[in-house]
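Peer 1: Here's the letter readout for the chains.
2 protein chains.
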Amino acid sequence: MDQVKHTGKLFIISGPSGAGKGTICSRLLADSDPERMCLSVSMTTRAPREGEEHGVHYYFVTKEEFQETIASGGFLEHAEVYGNCYGTPREKVLEKLAAGTDVVLEIDIQGALSVKKAYPDGIFIFILPPSMSILRKRLTGRGTDSMEVIDMRLSKTLEELSYIEEYDYVVVNGELEEAVSRVKAITIAEHSRVTENIHELIERYKEEI
Amino acid sequence: MDQVKHTGKLFIISGPSGAGKGTICSRLLADSDPERMCLSVSMTTRAPREGEEHGVHYYFVTKEEFQETIASGGFLEHAEVYGNCYGTPREKVLEKLAAGTDVVLEIDIQGALSVKKAYPDGIFIFILPPSMSILRKRLTGRGTDSMEVIDMRLSKTLEELSYIEEYDYVVVNGELEEAVSRVKAITIAEHSRVTENIHELIERYKEEI
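Residue numbers (our numbering), protein chains in the order written: chain X, 1 to 209; chain A, 1 to 209.
Okay, chain X solo, but in the shape it has when bound (with noise of 0.2 angstroms):
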């Protein structure tokens, strides 16, 4: 017999940016078969750059599509970045967990608060850099940002700290092996859980006599 649990769960990786969120996304989908853990691919109204595919890297649609899918409910949560639009499509979540796929979502911390109003069901977990220095220097040495932009992001992190209260796990990625080791850690525990689902388990063990 199996360990618990056959359903999916949705993984709410987030924090400010320069966590290294990304990162841990990427390592601890590489390590994970497809049919176990998938990434949520987002839906975006903006053009696909060289070697993005639909339906891999995005779900490309127009602006009218999007507009249709925030009218009937269709988005965990959505958001306009330099005039494009990027939210993440319920149904496509949905279909991945019924399936038995846990589905991993990389967001920032104001795009978890809103999946948390629509799946409270979701696993959230808050990677946090060890220092506001190191954040300070990892922001600087990505060399894409001026430093006013860096100090709006320095202040704009501390303001939403308070806001870990509203998850479940905190991560402090200081050795990164360590941080995707932790969160592996995280999604096996959160499948051995008891949770209701428990009595279809006992009702087997009480048949087999």
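Honestly, the hints are just simulated from the structure, not real lab data.
The structure presented is a predicted model; accordingly, all values stated were derived computationally and were not measured.
Take these hints with a grain of salt, some might be off.
Which copy? The list can't say, so a pair holds if one copy fits it or any two copies do.
Computed cross-link-like contacts, DSS-like style, restricted to lysine-lysine with a CA-CA straight-line distance of at most 30 angstroms [said to hold, decoys possible]: (1) K116 / K206; (2) K206 / K92; (3) K9 / K137; (4) K96 / K156; (5) K117 / K137; (6) K96 / K184; (7) K206 / K137; (8) K184 / K137; (9) K92 / K137; (10) K63 / K184; (11) K116 / K96; (12) K184 / K116; (13) K184 / K156; (14) K156 / K206; (15) K9 / K116; (16) K92 / K117; (17) K156 / K116; (18) K92 / K63.
Take the given structure of chain X and dock chain A to it, following the hints.
Peer 2: Showing chain A alone in chain X's frame:
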């Protein structure tokens, strides 16, 4: 900076006899730093056997001392087995937890339910055999019990299954390695839980700026 939680946690490894909780506990302890995790040492009125050390295998006490400890509420649980008394000394466990060491307590289901009343913050893990027929085989294989006793144990196990709902986790012990790594994952995940002490962590980040 270290991961969030600094105080130890009490992990209760419980389940029917023959489920393999003893083997799982030994493996868990063998692989871990004694500063990080230790086994709970019981108090007993039975005489020490060859090689058994006071404070290591058991705390050996007189019947009077045991009774006094009961009277002063000094046990997380206690029971009499074949005329000898056994109990989990509350103070010893709390000292370890306060020092930041996790404590692992291997105990039967009735004992676990008593511990839950005395220490609801414990993490309760139910170890389940993969099936009743495999449990029967394991108990028969031990060669220590008559068929009658085994039948009694099996029907007791079926009754006790309904207590799974009182537990936090259930781990099916089909493959030992798989079960051990699941229990390990649970101990790691539990140390990443967002708990009350998250405020302290947030304050540390805010002070840094």
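Peer 1: Each of the hints needs a verdict: does it hold here or not?
Peer 2: To see whether the hints hold, each was checked on the structure:
1. Only between protomers do K116 and K206 lie at most 30 angstroms apart by alpha-carbon distance; the minimum there is 25 angstroms, versus 37 angstroms within a single protomer.
2. Proximity of K206 to K92 under the C-alpha cut-off of 30 angstroms is found in neither arrangement, the shortest distances being 36 angstroms within a copy and 39 angstroms between copies.
3. Taking the shortest Cα distances, K9 and K137 never come within 30 angstroms of each other, neither inside one copy (34 angstroms) nor across copies (34 angstroms).
4. For a Cα distance limit of 30 angstroms, the shortest separation of K96 from K156 qualifies neither inside one copy, at 33 angstroms, nor across copies, at 39 angstroms.
5. Within a single copy, K117 and K137 get their C-alpha atoms no closer than 33 angstroms, and across copies no closer than 48 angstroms, so neither meets the 30 angstroms cut-off.
6. In the homo-oligomer, the alpha carbons of K96 and K184 lie at most 30 angstroms apart both inside one protomer (19 angstroms) and across protomers (27 angstroms), since each shortest distance falls under that limit.
7. Proximity of K206 and K137 under a CA criterion of 30 angstroms is satisfied inter-copy only: 17 angstroms between copies versus 58 angstroms inside one chain copy.
8. In this assembly of identical chains, the alpha carbons of K184 and K137 lie at most 30 angstroms apart only when taken from the same copy (26 angstroms versus 34 angstroms across copies).
9. For the homomeric pair K92 and K137, neither the shortest alpha-carbon distance inside one copy (37 angstroms) nor that between copies (44 angstroms) is at most 30 angstroms.
10. Taking the shortest Cα distances, K63 and K184 never come within 30 angstroms of each other, neither inside one copy (37 angstroms) nor across copies (47 angstroms).
11. In this assembly of identical chains, the alpha carbons of K116 and K96 lie at most 30 angstroms apart only when taken from the same copy (18 angstroms versus 36 angstroms across copies).
12. In this assembly of identical chains, the alpha carbons of K184 and K116 lie at most 30 angstroms apart whether taken from the same copy (21 angstroms) or from different copies (28 angstroms).
13. With identical chains, the CA atoms of K184 and K156 are at most 30 angstroms apart within one copy only, with a shortest distance of 28 angstroms there and 36 angstroms across copies.
14. Proximity of K156 to K206 under the C-alpha cut-off of 30 angstroms is restricted to the inter-copy arrangement: shortest distance 12 angstroms between copies versus 54 angstroms within a copy.
15. In this assembly of identical chains, the alpha carbons of K9 and K116 lie at most 30 angstroms apart whether taken from the same copy (13 angstroms) or from different copies (28 angstroms).
16. Taking the shortest Cα distances, K92 and K117 sit within 30 angstroms of each other inside one copy (18 angstroms), while across copies they are farther apart (43 angstroms).
17. Within a single copy, K156 and K116 get their C-alpha atoms as close as 20 angstroms, which meets the 30 angstroms cut-off; across copies the closest is 41 angstroms, which misses it.
18. Proximity of K92 to K63 under the C-alpha cut-off of 30 angstroms is restricted to the intra-copy arrangement: shortest distance 19 angstroms within a copy versus 64 angstroms between copies.
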